[in-house]
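Listed below are the residues making up each chain.
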Amino acid sequence: QSALTQPASVSGSPGQSITISCTGTSSDVGTYNLVSWYQQHPGKVPKLMIYEGSKRPSGVSNRFSGSKSGNTASLTISGLQAEDEADYHCCSYAGSDSLVFGGGTKLTVL
Amino acid sequence: EVQVVVSGGGLVQPGGSLRLSCSASGFTFNTYSMHWVRRAPGKGLEYVSAVGGDGISTYYTDSVKGRFTISRDNSKNTVYLQMSSLIAEDTAVYYCVRDFWGGSWALGYWGQGTLVTVSS
Chain X
1 QSALTQPASV SGSPGQSITI SCTGTSSDVG TYNLVSWYQQ HPGKVPKLMI
51 YEGSKRPSGV SNRFSGSKSG NTASLTISGL QAEDEADYHC CSYAGSDSLV
101 FGGGTKLTVL
Chain R
1 EVQVVVSGGG LVQPGGSLRL SCSASGFTFN TYSMHWVRRA PGKGLEYVSA
51 VGGDGISTYY TDSVKGRFTI SRDNSKNTVY LQMSSLIAED TAVYYCVRDF
101 WGGSWALGYW GQGTLVTVSS
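Heads up: the sequence lines are chains X and R, in that order.
Read left to right, the first sequence gives residues 1 to 110 (my numbering).
Read left to right, the second sequence gives residues 1 to 120 (my numbering).
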């Protein structure tokens with residue numbers, strides 16, 4: 001399966017909201033409500049931020065939210081903070097016991 | 001507390017082999033699928049391989065089929081990734097990951113990663 005499509009970079013100022021899109025196909029994002037999002041700071045291990053499209057694990061700030069429309073999933077970060085600067089990766093179940101990731105998006109907090 | 005510890009990375013020549021090990025604790029090991037994910041320099045995350053809790057069901061991404069073999073020893077709470085016929089494109093940090101919860105298809109618990117460098 002082909003990788004999901006994410007913008008290479010997004011940016012925002014502290015306090016603003018940003019949205020990162022993740023476009024797949026009817027074989028992955030469009031069919032399964034199993035999109036997850038991961039935050040990865042440089043040199044660090046990825047951290048699960050959103051699962052099943054819109055659910056947050058315990059301990060993840062409610063400034064992070066997920067949604068989906070058709071074949072596109074989105075991650076929104078509100079009240080942007082300097083510590084949110086990181087790479088963000090989307091991921092979807094793609095059937096046949098497989099997952100597919102996006103190319104990753106670098107978030108810069110101006 | 002769930003812990004996942006990866007070992008076995010290093011420098012290997014093209015065409016060579018390497019075995020990664022992933023030791024886990026803090027949960028009932030044989031009830032969870034385990035996954036390998038990698039991140040090559042300058043690239044995004046890539047889903048590489050997975051094995052079901054019973055060790056029978058496995059998955060490989062197309063680029064590693066026939067070269068990588070995933071296995072697990074539930075008596076040792078350990079998963080292995082045997083990599084052979086390595087090529088430069090396999091250079092990456094390799095992560096071992098456990099499901100967030102069984103059947104969630106979300107990757108909740110990540111090992112620290114191990115660097116595999118394929119170069120002459």
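These aren't lab readings, by the way, just hints derived from the structure by calculation.
One should not assume that every hint holds.
[What the hints assert, rightly or not] Facing chain R, from chain X, some residues (calculated, C-beta under 10 angstroms):
(1) Q6
(2) P46
(3) L99
Yeah, the Cβ is synthetic: ideal placement off N, Cα and C, and Gly gets one too.
Do the hints match the structure? See the list:
1. Residue-level restraint check for Q6 of chain X holds (minimum Cβ-Cβ distance to chain R is 8 angstroms; threshold 10 angstroms).
2. The interface hint given for P46 of chain X holds, since its Cβ lies 6 angstroms from the closest Cβ of chain R, which is under the 10 angstroms cut-off.
3. Hint on L99 of chain X holds. Least Cβ distance to chain R is approximately 4 angstroms, under the 10 angstroms limit.
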